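S.K.: Residue numbers (our numbering), protein chains in the order written: chain A, 51 to 426; chain B, 51 to 426.
In case anyone wonders, no lab produced these hints; they're calculated from the structure. Keep in mind it's a predicted model, so treat the numbers as computed, not measured. Be aware that a few hints might be false.
Any copy will do: because identical chains look the same in the list, a pair fits if it lies in one copy or spans two.
Straight-line alpha carbon distances no greater than 30 Å define the calculated BS3-like cross-link-like pairs of lysine-lysine that follow [to be verified]:
#1 Lys322 with Lys131
#2 Lys322 with Lys197
#3 Lys233 with Lys87
#4 Lys233 with Lys322
#5 Lys233 with Lys131
#6 Lys197 with Lys69
Number of protein chains: 2
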Amino acid sequence: MSIEQRLQSIDTPFLLIDKPKFEANIAALRSRLEPFKVQLRPHLKTIKSIEGARHVLHNFDSPAVVSTVREAEVFAQAGYKNLTYAVGITAQKLPRILALLNQGVDISILLDSTAQAQAVAEFCLASNCSIPTFLEIDCDGHRGGIKASDPLLIEIGNILHQGGVELRGVLTHAGESYECGNKQALIAAAEGERAAAVEAAVNLTRQGLPCPVVSVGSTPTAHSAENLDGVTEVRAGVYTFFDLVMAGIGVCSAEDIALSVVTSVIGYNPQKNWLFIDAGWMALSQDRGTRTQEIDRGYGLVCDINGRIIPGLQVSGANQEHGIITVSGERDLSEIALDTQLRILPNHACATAAMHSGYYVADANELDYWHRIQGW
Amino acid sequence: MSIEQRLQSIDTPFLLIDKPKFEANIAALRSRLEPFKVQLRPHLKTIKSIEGARHVLHNFDSPAVVSTVREAEVFAQAGYKNLTYAVGITAQKLPRILALLNQGVDISILLDSTAQAQAVAEFCLASNCSIPTFLEIDCDGHRGGIKASDPLLIEIGNILHQGGVELRGVLTHAGESYECGNKQALIAAAEGERAAAVEAAVNLTRQGLPCPVVSVGSTPTAHSAENLDGVTEVRAGVYTFFDLVMAGIGVCSAEDIALSVVTSVIGYNPQKNWLFIDAGWMALSQDRGTRTQEIDRGYGLVCDINGRIIPGLQVSGANQEHGIITVSGERDLSEIALDTQLRILPNHACATAAMHSGYYVADANELDYWHRIQGW
Numbered sequence: 051m052s053i054e055q056r057l058q059s060i061d062t063p064f065l066l067i068d069k070p071k072f073e074a075n076i077a078a079l080r081s082r083l084e085p086f087k088v089q090l091r092p093h094l095k096t097i098k099s100i101e102g103a104r105h106v107l108h109n110f111d112s113p114a115v116v117s118t119v120r121e122a123e124v125f126a127q128a129g130y131k132n133l134t135y136a137v138g139i140t141a142q143k144l145p146r147i148l149a150l151l152n153q154g155v156d157i158s159i160l161l162d163s164t165a166q167a168q169a170v171a172e173f174c175l176a177s178n179c180s181i182p183t184f185l186e187i188d189c190d191g192h193r194g195g196i197k198a199s200d201p202l203l204i205e206i207g208n209i210l211h212q213g214g215v216e217l218r219g220v221l222t223h224a225g226e227s228y229e230c231g232n233k234q235a236l237i238a239a240a241e242g243e244r245a246a247a248v249e250a251a252v253n254l255t256r257q258g259l260p261c262p263v264v265s266v267g268s269t270p271t272a273h274s275a276e277n278l279d280g281v282t283e284v285r286a287g288v289y290t291f292f293d294l295v296m297a298g299i300g301v302c303s304a305e306d307i308a309l310s311v312v313t314s315v316i317g318y319n320p321q322k323n324w325l326f327i328d329a330g331w332m333a334l335s336q337d338r339g340t341r342t343q344e345i346d347r348g349y350g351l352v353c354d355i356n357g358r359i360i361p362g363l364q365v366s367g368a369n370q371e372h373g374i375i376t377v378s379g380e381r382d383l384s385e386i387a388l389d390t391q392l393r394i395l396p397n398h399a400c401a402t403a404a405m406h407s408g409y410y411v412a413d414a415n416e417l418d419y420w421h422r423i424q425g426w
Numbered sequence: 051m052s053i054e055q056r057l058q059s060i061d062t063p064f065l066l067i068d069k070p071k072f073e074a075n076i077a078a079l080r081s082r083l084e085p086f087k088v089q090l091r092p093h094l095k096t097i098k099s100i101e102g103a104r105h106v107l108h109n110f111d112s113p114a115v116v117s118t119v120r121e122a123e124v125f126a127q128a129g130y131k132n133l134t135y136a137v138g139i140t141a142q143k144l145p146r147i148l149a150l151l152n153q154g155v156d157i158s159i160l161l162d163s164t165a166q167a168q169a170v171a172e173f174c175l176a177s178n179c180s181i182p183t184f185l186e187i188d189c190d191g192h193r194g195g196i197k198a199s200d201p202l203l204i205e206i207g208n209i210l211h212q213g214g215v216e217l218r219g220v221l222t223h224a225g226e227s228y229e230c231g232n233k234q235a236l237i238a239a240a241e242g243e244r245a246a247a248v249e250a251a252v253n254l255t256r257q258g259l260p261c262p263v264v265s266v267g268s269t270p271t272a273h274s275a276e277n278l279d280g281v282t283e284v285r286a287g288v289y290t291f292f293d294l295v296m297a298g299i300g301v302c303s304a305e306d307i308a309l310s311v312v313t314s315v316i317g318y319n320p321q322k323n324w325l326f327i328d329a330g331w332m333a334l335s336q337d338r339g340t341r342t343q344e345i346d347r348g349y350g351l352v353c354d355i356n357g358r359i360i361p362g363l364q365v366s367g368a369n370q371e372h373g374i375i376t377v378s379g380e381r382d383l384s385e386i387a388l389d390t391q392l393r394i395l396p397n398h399a400c401a402t403a404a405m406h407s408g409y410y411v412a413d414a415n416e417l418d419y420w421h422r423i424q425g426w
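All chains should be modelled from the sequences, with the hints used to inform the complete structure.
M.R.: And the structure:
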């Protein structure tokens, strides 16, 4: 049976990875970063899958980032030993971090306040452990973090260092890079990330504080950086799949997108020339990341079952289990028959994948299924 | 241990049902509809839980609606025997519908085109079965359905009836009622739903076609209808939890909302007076249903752990695992300490619940856990 026939035997909607594109995307960032002599630390919050991680990480000692303690626990259980939990830590989550350390996992945490630093130092003292800790640096005012020049950086560094906590380094994320309008802005965002992280590292080491790791990253900046001097590792997640937001800022083309939702046509409105599909926001997510971009892609672009984009079509509306496809131009959408399978390219791969418990994974000959990690 | 202490022992983020509010909301719609002598057919796409359905449905013969075949299968497995799958049917899904019928479940389907009617008639002939089928009526141009006056209604009715398919009735949903701005508009939307469904039923029966069930409904119209003459059943789903969208159109108050996401404070940005929480869009969903309402509630309103709304606070931003709380006014948000648990009221209960695999359920004395149905 052909892959197309095998896909047609699966009840829609379901999530599909185009494996050749997925592998090409992984190889592309590896190659791009090679000349910079930095370590790539993939963010597993996008793939959230043990089977998928095998393609992203070389071996169990390969570095990775996670966005939940649950991810850390599941990947650790699978054998991965080098993880960063890159969301601000609080006391509540420290016992689970300690349990991972005690299992032999090198798990590092992140913080940006004296209150957090004191909580971690107290916990380490009480538990007779040392948790590797990153200081979060603010490079673009996007969310949290400490400005590299802020005296608070040294103050927090001292609380940790004197409290017996292992200062692992500094970490920053150019969240604003997702809003960049052109290549120059992307290069500037990457340089902003680098400069902030390196400045923070210099300021820490000048005060005699350790800072072995200088970690930067986001998919847009990882794909745009022209200089990574002083940086030791780059983090990125959505580069594995790409999505319409990344295509909109020019980091990839829509043809590179490796993730889609396979859906079936379930109806047609002749008055409005609307095609209904069985992928609503429950399957596509409500991410409308392209809404503020130059070209709004609605809830996603429409491809045939083989992944070829059908020009002019997009998912313009979504209810819980209904998507509405419209067309720019004169084409009569009733030409696309009931039960026809289509692939929908997502605005934001992380958000769309989050709506599903797993992926079908297809290449020219094989169809596989990978489970996704859920919960916290 | 008090309920507050027990909640504090659960790792955030998690979904919480305030059980007294949930039960009061269920009782309120039952009481409201009682004088109309119509059947209430709750939509289980909101609760998606067997444990939860026990509170919504009287017994295994109680009528219910589902939004996926998976829901139908799981509720049937639990014993429920009277289900409507209220998303346009296609040939692909008919074998699973037949399997349910063969298990003794009275499951009805929905369609609005000759192509679907022919597919169902052919399937019934080939499988020697008769699937109870609703004709979807368009009452407000919101999505799909046939206009009550459209000759297509009779044409499709005849295809089904002559093809040996059981014509169960007509079904409509005032999707536009979610956009209503005031009580009068809600009453008008309810009357539009009723009038369209009744007109369609009259047109079918005049042509000698059966139409035993006249089904209307949405939470806004179910809570607003002043006349249900000719209607036999009312469907509603989100009335069990309510949410900020429903509060925004005046169908409930924010204090009635029974569903929230419990989250912890994980950081603070002193430059911006931003409080960070560990509930991003992965826990809250990206539903921003109040964005187009008179008052935009961001990603949700903020309550203390006991469910009391904290005036002026809302979740204004959300990344994957970070939420950003801002305040209107001068209050210094750093007063809310690290690790403090908060409850976030959702824009759209269906969407927020969909991000979780289950609910914690609390009343004054008991803490329970209900699983949610996932997938399709």
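S.K.: None of the hints should be skipped; say for each whether it holds.
M.R.: A quick look at each hint next to the structure:
1. Lys322 with Lys131: Result: close neither inside a copy nor across copies, 55 Å intra and 36 Å inter.
2. Lys322 with Lys197: Between. Shortest inter-copy distance 13 Å satisfies the 30 Å Cα cut-off; intra-copy 52 Å does not.
3. Lys233 with Lys87: within (23 Å within a copy, 65 Å between copies)
4. Lys233 with Lys322: between (39 Å within a copy, 29 Å between copies)
5. Lys233 with Lys131: Neither: 36 Å inside a copy, 59 Å across copies.
6. Lys197 with Lys69: Cα proximity of Lys197 and Lys69: none, with 40 Å in one copy and 45 Å across.
Hint violations for this structure: numbers 1, 5, 6, all remaining hints satisfied.
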